[in-house]
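If you read the sequences in order, they're chains A and B. Under numbering that gives the first Met the number 0, think of the first position of the first sequence as 0, with each following residue one higher. Under numbering that gives the first Met the number 0, think of the first position of the second sequence as 0, with each following residue one higher.
It is worth saying that the hints were derived from the structure and are not from the lab. Zero decoy hints are in this set.
One copy or any two copies: either way a pair holds, since identical chains are not told apart in the list.
With a cut-off of at most 16 Å between alpha-carbon atoms, the simulated EDC-like pairs for lysine to aspartate or glutamate come out as follows:
id, residue 1, residue 2
1, K137, D100
2, K25, D43
3, K197, E159
2 protein chains.
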Amino acid sequence: MTIEIAIGANLRKSPYFEATLRAGAKNFSVYNHMLIPGHFGDPDGEYQRLMTGVAMWDVAAQRQVEVTGPDAARLVQYLTPRNLSGTKVGQGRYVPICDHDGYLINDPVLLKLAEDRFWLSVADSDIHLWAQAIAQEKGWQAQVGEPDVSPLAIQGPQAEAVTAALFGDWVRELRYFGFRETTLDGIPLVLARSGWSKQGGFELYLTDASRGIELWDRVAAAGAPFGIGPGAPNDIERVESGLISYGSDMRRQVIPADPFEMGLGGLVDLAREDDFVGRAALQRIAARGAARRRVGFWVEGTPPSPGHAVPVQLAGEPVGVVSELVHSPRLGRTIAVGLLRADLTDATQGLQAALPGGPAALQPTALPFRP
Amino acid sequence: MTIEIAIGANLRKSPYFEATLRAGAKNFSVYNHMLIPGHFGDPDGEYQRLMTGVAMWDVAAQRQVEVTGPDAARLVQYLTPRNLSGTKVGQGRYVPICDHDGYLINDPVLLKLAEDRFWLSVADSDIHLWAQAIAQEKGWQAQVGEPDVSPLAIQGPQAEAVTAALFGDWVRELRYFGFRETTLDGIPLVLARSGWSKQGGFELYLTDASRGIELWDRVAAAGAPFGIGPGAPNDIERVESGLISYGSDMRRQVIPADPFEMGLGGLVDLAREDDFVGRAALQRIAARGAARRRVGFWVEGTPPSPGHAVPVQLAGEPVGVVSELVHSPRLGRTIAVGLLRADLTDATQGLQAALPGGPAALQPTALPFRP
Numbered sequence: 000m001t002i003e004i005a006i007g008a009n010l011r012k013s014p015y016f017e018a019t020l021r022a023g024a025k026n027f028s029v030y031n032h033m034l035i036p037g038h039f040g041d042p043d044g045e046y047q048r049l050m051t052g053v054a055m056w057d058v059a060a061q062r063q064v065e066v067t068g069p070d071a072a073r074l075v076q077y078l079t080p081r082n083l084s085g086t087k088v089g090q091g092r093y094v095p096i097c098d099h100d101g102y103l104i105n106d107p108v109l110l111k112l113a114e115d116r117f118w119l120s121v122a123d124s125d126i127h128l129w130a131q132a133i134a135q136e137k138g139w140q141a142q143v144g145e146p147d148v149s150p151l152a153i154q155g156p157q158a159e160a161v162t163a164a165l166f167g168d169w170v171r172e173l174r175y176f177g178f179r180e181t182t183l184d185g186i187p188l189v190l191a192r193s194g195w196s197k198q199g200g201f202e203l204y205l206t207d208a209s210r211g212i213e214l215w216d217r218v219a220a221a222g223a224p225f226g227i228g229p230g231a232p233n234d235i236e237r238v239e240s241g242l243i244s245y246g247s248d249m250r251r252q253v254i255p256a257d258p259f260e261m262g263l264g265g266l267v268d269l270a271r272e273d274d275f276v277g278r279a280a281l282q283r284i285a286a287r288g289a290a291r292r293r294v295g296f297w298v299e300g301t302p303p304s305p306g307h308a309v310p311v312q313l314a315g316e317p318v319g320v321v322s323e324l325v326h327s328p329r330l331g332r333t334i335a336v337g338l339l340r341a342d343l344t345d346a347t348q349g350l351q352a353a354l355p356g357g358p359a360a361l362q363p364t365a366l367p368f369r370p
Numbered sequence: 000m001t002i003e004i005a006i007g008a009n010l011r012k013s014p015y016f017e018a019t020l021r022a023g024a025k026n027f028s029v030y031n032h033m034l035i036p037g038h039f040g041d042p043d044g045e046y047q048r049l050m051t052g053v054a055m056w057d058v059a060a061q062r063q064v065e066v067t068g069p070d071a072a073r074l075v076q077y078l079t080p081r082n083l084s085g086t087k088v089g090q091g092r093y094v095p096i097c098d099h100d101g102y103l104i105n106d107p108v109l110l111k112l113a114e115d116r117f118w119l120s121v122a123d124s125d126i127h128l129w130a131q132a133i134a135q136e137k138g139w140q141a142q143v144g145e146p147d148v149s150p151l152a153i154q155g156p157q158a159e160a161v162t163a164a165l166f167g168d169w170v171r172e173l174r175y176f177g178f179r180e181t182t183l184d185g186i187p188l189v190l191a192r193s194g195w196s197k198q199g200g201f202e203l204y205l206t207d208a209s210r211g212i213e214l215w216d217r218v219a220a221a222g223a224p225f226g227i228g229p230g231a232p233n234d235i236e237r238v239e240s241g242l243i244s245y246g247s248d249m250r251r252q253v254i255p256a257d258p259f260e261m262g263l264g265g266l267v268d269l270a271r272e273d274d275f276v277g278r279a280a281l282q283r284i285a286a287r288g289a290a291r292r293r294v295g296f297w298v299e300g301t302p303p304s305p306g307h308a309v310p311v312q313l314a315g316e317p318v319g320v321v322s323e324l325v326h327s328p329r330l331g332r333t334i335a336v337g338l339l340r341a342d343l344t345d346a347t348q349g350l351q352a353a354l355p356g357g358p359a360a361l362q363p364t365a366l367p368f369r370p
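Excised from the complex, chain A in its bound form (with noise of 0.2 Å):
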């Protein structure tokens, strides 16, 4: 189904827009209020490559939620049920942010640029409105807002080959979310070792808009040699991997689900002595336990992407959601992730997943998907 989109006023260019339209972007989703590319006209061959080489990506709609001032680092914390408390300079963590009732409404990476300057790069919602009702509130000193920030994603294999040329081999000594200020000939940005894949790589947290064109022009040259091409975030990739995608997986006023649901539950610490948002919901939870639990699901047969959630039912009663659907070209299979009744072993049977054009047996699995 070949439907355009409106490139209206409303929904903001990334730095890189027309960069990835020279790159033969051919179609495009929208982020955080932003146009973010979704292939430039050969899905099979961008997931290859970021499979098995290197790939750029414009991920300037992962927007940065900016807290700073003498009480952002009481802010941040009290954002997440994550215990921050060995965070140090330099530290990215992944963080799940609930709203009072313990639902998940975003699932950033946190990055502690200064003892009080954090970043959120967050998910698609609008956390900064949250973040901020929340500092005022509570007559807080934190400043909440959205800098001059767009990252560009190094993802793939060579991804640390590439990132070397361009930086130097300092960068091969990153730890995972480990990141560094520091500029590309005199080009402003933030470097971490992070992205949305399991392939590795890193992101370009570039801090001047200006100079969004330049900057993806240098990682095109030095990416030559190494065959670097134009991608996009990969769902199919990401099923296989099991990473959550916050707006598909769940979304609280869509697929409302808590974190202990979503397997985050290690990152939710009630022994915290100090209180954070949705603490006393979270510990209800934690008491009566998770209702359902994220799985795998292998499909049967090759029916087609739905494009949005569908239900997973046993014996015709409601037990689940699949939230996304895939053909793997690696496990030459059709895979999907969801959510499951938490009674449901991966062994049961009889599992079907109510598809537009018709039932498809699911069996459950972990994640991430083995062959």
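Assemble chain B onto chain A, guided by the hints.
Relative to the frame of chain A, chain B by itself:
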């Protein structure tokens, strides 16, 4: 520029989605994380239909933030600077929503369904997260959520005739923003005299998503004798009429603007005795005067729409912003809306829009545009 939209699991589909595809939707945007039709292949004809006949629009992406509970009225009143004390059940109100810094973060219509039940029919930002955070931090007994409500708009000079044919002549008595809970062949909905155009019309707030296709078809059938056809919120008409588009004209993190600048100062009641979000900031702004004012611009020539905001300059200095530029068939000219430094009158000569293809001369004018 023809670019596809990626219809992925992360973007919600409206209950009318399949019906709009069947009706020939060629182009979609994204609003509140939901697909919304842009046009149906005949933008000029769709504009004319709105101006002279009647159109039906899938505006399900205009989501409802429902506030209920003993403190619902108190919360809603706290969320907006507008004084709601005279608002009765069955009445709607246009309510600016500001953050604690006094910047607009949405401009919904508020529907008072009961003394303890309200809908905010929101523009494109996650007000449900923001409002719930405030309710919870206040410790108030108010629940905030997104109910199963999906508006379908009937707009244009013939809209009243179509709506009367569907519901009966009582709809002719509804005042602007007045609404009533009713049914159509058993389909539950709230019928309001409202809609995002100045051509008159109604919105059918469907409250059972499973009946979306049925409602769409029912409206199409009743409208057929009046020449109804599919359409979408129309950027040309809204610029001509001076309607505000949150996300285009202003957005907290892109074009921050306060209600005084946007011409909404009359809805800010600083004489209220109760506190509300942004009060202190709005008092400061009121005391010093708005920095900019909302204006229309006559644009020289027929430059193409840039698809994003551009600076307004005077002798090379930035003095404002053009947020959207269109060609008006009705006026036979290129027009735009935006913000201009408050000390510059409509008689100011030498203003220019810094368009990608080169500067274009601007002459400010009052909104709405008049021939």
